[in-house]
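Using the hints, position chain Z against chain Y.
Number of protein chains: 2
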Amino acid sequence: MDNPEILPNVRVVLSHTTHPGNIGAAARAMKTMGLESLYLVNPGSFPDPKADMMACGAEDVLRKAVVCSSIDEALRDTVFVAAMTARLRDISHEVLTPREAMPLLVKFAAHNPVALLFGTEMAGLTNEEMGKSHVQIRIPANPEYSSLNLAAAVQVACYELSVAMQFEGMNLPQAEIEPARHEEVERMFVHLEQALTQIGFFRTKAQNKLMQKLRRLYARARLEQEEVNILRGILSAATRYNTRLAKNDESVEKQDE
Amino acid sequence: MDNPEILPNVRVVLSHTTHPGNIGAAARAMKTMGLESLYLVNPGSFPDPKADMMACGAEDVLRKAVVCSSIDEALRDTVFVAAMTARLRDISHEVLTPREAMPLLVKFAAHNPVALLFGTEMAGLTNEEMGKSHVQIRIPANPEYSSLNLAAAVQVACYELSVAMQFEGMNLPQAEIEPARHEEVERMFVHLEQALTQIGFFRTKAQNKLMQKLRRLYARARLEQEEVNILRGILSAATRYNTRLAKNDESVEKQDE
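Here the protein sequences come in this chain order: Y and Z. Residue numbering for the first sequence follows the numbering used here, beginning at 1 and increasing consecutively. Residue numbering for the second sequence follows the numbering used here, beginning at 1001 and increasing consecutively.
No lab work stands behind these hints, which were simulated from the structure alone. As the structure is a prediction and not an experimental result, all values here were calculated from the model. Check each hint, because a few of them may be wrong.
[Said to hold, decoys possible] If we take Cβ atoms under 8 Å as the criterion, some of the chain Z residues that face chain Y in the derived model are: (1) Ala1025; (2) Arg1028; (3) Ala1029; (4) Thr1032; (5) Met1033; (6) Gly1034; (7) Gly1057; (8) Arg1099; (9) Ala1141; (10) Tyr1145; (11) Ser1146; (12) Gln1155.
[What the hints assert, rightly or not] Over 12 Å on every C-beta distance to chain Y, these chain Z residues come out as not near it, computed from the model: (13) Gly1044; (14) Pro1047; (15) Asn1112; (16) Pro1113; (17) Asn1127; (18) Arg1181; (19) Arg1187; (20) His1191; (21) Gln1198; (22) Ile1199; (23) Arg1203; (24) Leu1210; (25) Tyr1241; (26) Thr1243; (27) Arg1244.
[To be verified] Pair by pair, the computed Cβ-Cβ distance ranges are: (28) Z:Glu1184 with Y:Thr126: 52 to 58 Å; (29) Z:Gly1200 with Y:Glu100: 58 to 64 Å; (30) Y:Glu100 with Z:Glu1005: 26 to 32 Å.
Glycine included, every Cβ here is placed at the ideal spot set by N, Cα and C.
Same shape as in the complex, but just chain Y:
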């Protein structure tokens, strides 16, 4: 709890939480570790007396909670998204333990908003949500019974965050880079997908899977704003060039393949 500037930058995003009691218990878990910024994406029921009951002294966190209708809304302005997951996916992002991930989260949170993203109770994160995160965090668990309660997972994550702050928070180097914000990166992916479609890149390939792989690559890179600008500049240039070529030479499609 040594860096009062860091904690307000860490938001906990609960996506499509089914049981309101879990939202309340998560708010309590957050508050015990000094976190107060809660975002709820399409919660099953909120506000709800069951949430208040489980919050047990952390009702203020619920009162301030931001209810969102999309994951992009909940991640707006963030520069780093860590998604908690209990499952291994086909196309997995960088998977870290909480102990490995939290120092990273703290580093970003020293200067910019970051998010800890939790999927719905049963199904976990969607591929879309996974694609919008930079790392996945997996709590090491009993392979035969790995299903932590949502609020218990929030507790472990926030606990590790709080411990990491005590180790890492003291002498943070000044950030020399400006990490890209979520919505800028999303715009870049839209642009990229358009450009790739335009060049026929997806014709013989699984588009979603490929986009996920690209997201994974850029997630690992932890893009800076300037890099996003550069990448989008390249996409724009490529689009312009292709358009020009297409006008002059209908055979360009064949050369690209």
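Okay, now just chain Z, sitting in the frame of chain Y:
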């Protein structure tokens, strides 16, 4: 989860738990981290459908739970007791963070039963329970709101235990000592208190407070069985000597003061 021999040696002891839902949620938290040995001291209500509901796949842990009528019964055979506490006491034992305490617990659990002791939801541990533990574990928390839910505290403790096992459990040195079992140490304290009463040690002092201080001292020492035998031997010898002296010389009481 690398040392299958260690986990069965770690029991979670919940003392006087009020809400059965918390017992179920604690069982779930335990099982996610590979723990299955649950002891309940005078639970408010058990078995209870609310416990089953919150266990959510960990009902087997509840079925195997041992219900005890005293803390001594629940700690029988253990050689190391770590008590979770959220409060600082007047006479505090050695207080460790979960990260500091768990490697210690793992070390003892490699060869003998150990206990993680949790007090009741509201009041926490009694002085008696505190006195029977070797260390206190405090989860670092928001000073303005430090009240973790019972099952959330169980989750954090078991999580840290499981992480500690991965680091410490690999190449454990063989124990060269035989740590004393709980009931042997308790018998020693009974013996000690009798002996101290006999010699008039408590006449001008607060007996309970002094016994707590002595407990603290020996808790830090992590007594071996042989040492307990030696201490009890001393107490026996002292008692015999005093009895003999008292017979020969009624003035011995004065000399002792």
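Inset, instruction - Report holds if the minimum CB distance from Z:Pro1047 to chain Y is greater than 12 Å, and violated otherwise. - result: Answer for Z:Pro1047: holds, closest chain Y Cβ roughly 20 Å.
Legend entry - Minimum beta-carbon distance criterion (8 Å), Z:Met1033 to chain Y: Holds: closest Cβ of chain Y sits about 6 Å from Z:Met1033, inside 8 Å.
Inset, instruction - May I ask you to test the interface hint for Z:Arg1028 with respect to chain Y, counting a Cβ-Cβ separation under 8 Å as satisfied? - result: holds, 6 Å
Legend entry - Cβ separation check - Z:Asn1127 to all of chain Y, threshold 12 Å: Non-interface label stands for Z:Asn1127: nearest chain Y Cβ at 25 Å, farther than 12 Å.
Legend entry - Whether the CB-CB distance between Z:Gly1200 and Y:Glu100 falls inside 58 to 64 Å: Holds, at about 59 Å.
Legend entry - Nearest-CB test (12 Å) between chain Y and Z:Pro1113: holds, 20 Å
Inset, instruction - Using Cβ atoms only, decide whether Z:Ser1146 comes closer than 8 Å to chain Y, and label the hint accordingly. - result: holds, 6 Å
Inset, instruction - Taking the shortest Cβ-to-Cβ distance between Z:Arg1187 and chain Y, state whether it exceeds 12 Å. - result: holds, 37 Å
Legend entry - When the least beta-carbon distance from Z:Ala1025 to chain Y is tested against 8 Å, hint result: The hint holds - Z:Ala1025 has a Cβ within 8 Å of chain Y, the shortest such distance being about 6 Å.
Inset, instruction - Classify the hint on Z:Gly1057 as holds or violated, based on whether any CB of chain Y lies nearer than 8 Å to its CB. - result: holds, 6 Å
Legend entry - Distance restraint hint 52 to 58 Å, applied to the beta-carbon atoms of Z:Glu1184 and Y:Thr126: Hint holds: Cβ distance 56 Å, inside 52 to 58 Å.
Inset, instruction - Answer holds if the nearest beta-carbon of chain Y is closer than 8 Å to that of Z:Thr1032; otherwise answer violated. - result: Since the shortest Cβ distance to chain Y is 5 Å, the answer is holds.
In this structure, none of the earlier numbered hints is contradicted; all agree with it.
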